[in-house]
Amino acid sequence: MKLNSITILILFFCFSIGFSQELKPFKEGDRVAFLGNSITEAGYYENYIWLYYMTHFPEERLKIMNAGIGGDTAEMMNARFNDDVLALDPNYIVLTFGMNDSGYFEFWEENADEIAQKKVENSLKYFKEIQQKFQNNPEITPVIMSGSPFDETAKIDANNFDGKKETIEKIVAFQEAAAKKNNWSYVDLYHSMLSITEREQLKDSSYTITGPDRIHPGKPGHLVMAALFLKNQGLAGQVISDIQINAKKAKLDKTLNAEIQNLKANKTQVSYNYKARSLPFPIDSVSGTWGNPHKQHEALAVYPFIKEFNQELLKIDNLKNGNYQLSIDGENIAQFTSDSLAKGINLALLSNTPQYKQAKNIMFLNDVRAEIENKMRQYAWVQFNFMKERDLLFADSQEAFDTVNAIKEGFLPSKVGYYQTLRFKKIREMWQEDMEEITNMIYEMNQPKEHSIRLALIE
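Residue numbers (the working numbering): 1 to 459.
Note that these hints are calculated values from the structure, not bench results.
There could be a bad hint or two in this list.
So the derived label-pair ranges between C-beta atoms look like this [stated by the list, open to error]: (1) P304 to E60: 21 to 31 Å; (2) I115 to T421: 15 to 25 Å; (3) P413 to T337: 55 to 65 Å; (4) E60 to L256: 17 to 27 Å; (5) L350 to N122: 44 to 54 Å; (6) T421 to D213: 42 to 52 Å; (7) T337 to I427: 17 to 27 Å; (8) N91 to K249: 42 to 52 Å.
In silico SDA-like links for lysine to any residue, alpha-carbon gap of 20 Å or less [said to hold, decoys possible]: (9) K449 to T439; (10) K315 to A342; (11) K275 to K295; (12) K425 to D83; (13) K315 to I458; (14) K125 to W108; (15) K251 to M387; (16) K249 to T268; (17) K425 to S397; (18) K251 to L263; (19) K63 to L235; (20) K408 to M387; (21) K449 to N262; (22) K125 to L88; (23) K63 to L365; (24) K426 to I196; (25) K388 to D83; (26) K449 to L314; (27) K388 to A79; (28) K375 to L393; (29) K295 to I196; (30) K360 to K426; (31) K408 to Y379; (32) K449 to G288; (33) K251 to S397; (34) K275 to G288.
On a predicted model such as this, the values are computed, not experimentally measured, just so you know.
For glycine and all other residues, C-beta sits at the position ideal for the given N, C-alpha and C.
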């Protein structure tokens, strides 16, 4: 059997001694930069990861930063590593690439296999240079994360590139091998998302987790990406709270991640003061993204997010048979049967509880912060995809603006408005201060509150 050069390189990595490091949960004070392409630049999965930390660990403030630029490859990420990513002063860098490295319309050429081979080799070449940069900055913890898959199999009306999936898998292979070789943490989004895709397409051949262009996941895909990342950190199964009460004995049988005071109970009613250490994770059922109408909540049909990350459990035994009214802070919330209460209910599914409303406000503010950050990434796109090769990096002069404004083709015209605004340092500083102030608001507003809980038999 004849082995090509890229196969030999991958085999070399795979058989090198080493194991990927366990990815530990982030802790207070961590500054985490996600370095990637347009999927990262969109900002949703990073936003959801941070929202989980904001709601589940409100006492531990950290910072998650978007270092994505649309269209980037490993080569382009390597070129901006110092000026863009290190400038964020991270102590973690999560690196993901592969979608653009593997090519697109080249797969329609007669020599597509040869072109793909060269693209993989080029990606590996610059990935090695990034690895060296990691080694030159030992204060930074690298995390290698495979990207989301290209969907070759969905029966949808979109350009398809036969062979791109296989090419991406070669990149994923050397990413994982390098993580093991260097004893770095590795997060495999690719195979987990591919498994979901294959499973769901057995039911519906048009299903795709990557969206209508086969490339860019919408909000459901980003929620799955966030969940897989958090699961790799060992956070699946961490409850918001878990409360079990024996009504007949007026006894608290279990309390986890919460404080319960003033418990009063009998066979027809239960009341107590409740303060969880975490908030529910709010699910968005309204907004889609540009070019992708799918809503975040659609992810719940294909991934057990609620079971793994959103459990605010309440179980009450030995109640008299009947229907019970749940009220929180004097407001009627929902009704439950004694049987369902004995089996246990999940308060995180109730969007009208005060704690869920509190979490939704956190989600809203985090979205506002992310919108500002995304505009800053458009400025970065102009700098590193246009200005740098013209020796105008961060020049931000009238000449620089005129140069940008003269281009009327490609992606650049869509970025001109952002650049026109953000080329002024004072405005960039103002927007950075705005993001910091919003984050301050979040970490003031995300502190769990004590609530008065009451369940009473409906006569």
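Hints and how they fare:
{"no.": "1", "hint": "P304 to E60: 21 to 31 Å", "in the structure": "holds, 25 Å"}
{"no.": "2", "hint": "I115 to T421: 15 to 25 Å", "in the structure": "violated, 39 Å"}
{"no.": "3", "hint": "P413 to T337: 55 to 65 Å", "in the structure": "holds, 60 Å"}
{"no.": "4", "hint": "E60 to L256: 17 to 27 Å", "in the structure": "holds, 18 Å"}
{"no.": "5", "hint": "L350 to N122: 44 to 54 Å", "in the structure": "holds, 52 Å"}
{"no.": "6", "hint": "T421 to D213: 42 to 52 Å", "in the structure": "violated, 28 Å"}
{"no.": "7", "hint": "T337 to I427: 17 to 27 Å", "in the structure": "violated, 57 Å"}
{"no.": "8", "hint": "N91 to K249: 42 to 52 Å", "in the structure": "holds, 50 Å"}
{"no.": "9", "hint": "K449 to T439", "in the structure": "holds, 19 Å"}
{"no.": "10", "hint": "K315 to A342", "in the structure": "holds, 6 Å"}
{"no.": "11", "hint": "K275 to K295", "in the structure": "violated, 31 Å"}
{"no.": "12", "hint": "K425 to D83", "in the structure": "holds, 16 Å"}
{"no.": "13", "hint": "K315 to I458", "in the structure": "holds, 18 Å"}
{"no.": "14", "hint": "K125 to W108", "in the structure": "violated, 24 Å"}
{"no.": "15", "hint": "K251 to M387", "in the structure": "violated, 68 Å"}
{"no.": "16", "hint": "K249 to T268", "in the structure": "holds, 12 Å"}
{"no.": "17", "hint": "K425 to S397", "in the structure": "holds, 11 Å"}
{"no.": "18", "hint": "K251 to L263", "in the structure": "holds, 8 Å"}
{"no.": "19", "hint": "K63 to L235", "in the structure": "holds, 18 Å"}
{"no.": "20", "hint": "K408 to M387", "in the structure": "holds, 15 Å"}
{"no.": "21", "hint": "K449 to N262", "in the structure": "holds, 16 Å"}
{"no.": "22", "hint": "K125 to L88", "in the structure": "violated, 25 Å"}
{"no.": "23", "hint": "K63 to L365", "in the structure": "holds, 14 Å"}
{"no.": "24", "hint": "K426 to I196", "in the structure": "violated, 46 Å"}
{"no.": "25", "hint": "K388 to D83", "in the structure": "holds, 11 Å"}
{"no.": "26", "hint": "K449 to L314", "in the structure": "holds, 17 Å"}
{"no.": "27", "hint": "K388 to A79", "in the structure": "holds, 9 Å"}
{"no.": "28", "hint": "K375 to L393", "in the structure": "holds, 18 Å"}
{"no.": "29", "hint": "K295 to I196", "in the structure": "holds, 17 Å"}
{"no.": "30", "hint": "K360 to K426", "in the structure": "violated, 32 Å"}
{"no.": "31", "hint": "K408 to Y379", "in the structure": "holds, 17 Å"}
{"no.": "32", "hint": "K449 to G288", "in the structure": "violated, 31 Å"}
{"no.": "33", "hint": "K251 to S397", "in the structure": "violated, 71 Å"}
{"no.": "34", "hint": "K275 to G288", "in the structure": "violated, 33 Å"}
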